[in-house]
Amino acid sequence: MPRLVMVDDYRLESYIDGNLLIFTHQDVPGIIGKVGTAFGKHGINIAQMAVGRAGDTPGGHAIGVLNLDSQPSQAAIDDMLAIEAVEKVRTMDLPPAGKMPAWLA
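Quick note, in our numbering, the sequence shown goes up one by one and the last residue is 156.
Calculated from the structure, these hints are not laboratory results. Some hints here could point you the wrong way.
[To be verified] Under the rule of at most 30 Å between Cα atoms (straight-line distance), these lysine-lysine pairs were calculated in the DSSO-like manner: (1) K92 to K139; (2) K85 to K139; (3) K150 to K139.
[Claimed, not checked] Have a look at the derived ranges for each label pair, beta carbon to beta carbon: (4) M151 to G84: 34 to 40 Å; (5) G87 to T108: 20 to 26 Å; (6) A105 to K150: 29 to 35 Å; (7) T108 to D144: 32 to 38 Å; (8) D59 to I97: 19 to 25 Å; (9) M52 to T142: 17 to 23 Å.
Just so it is clear, CB atoms sit at the ideal spot from N, CA and C, and this is done for glycine as well.
Assemble the whole structure, with the sequences as input and the hints as a guide.
Here it is, written out as structure tokens:
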């Protein structure tokens, strides 16, 4: 299965298929729990989560990649953006692993 291993200066390891949500945030305690709570409130299951920081020093900026079982609603995205340490949120809908995108088929 293909994996994402670096975004800009952020190191991580994430699957790249299906419903992805990519967010940048401050590297502070509690972010993972708050993100899980925000999606749980909206009934959206997180199938896989990867987080990484730029460099090895705690406390700077970090990135998170979520593989979701369903496309997040705007309300769920708004709840993520309401988390003080979350800076940006982007979503992508990619084909399942092993399938070519429609525009390549």
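If you check each hint against the structure, which ones fail?
-> Violated: none.
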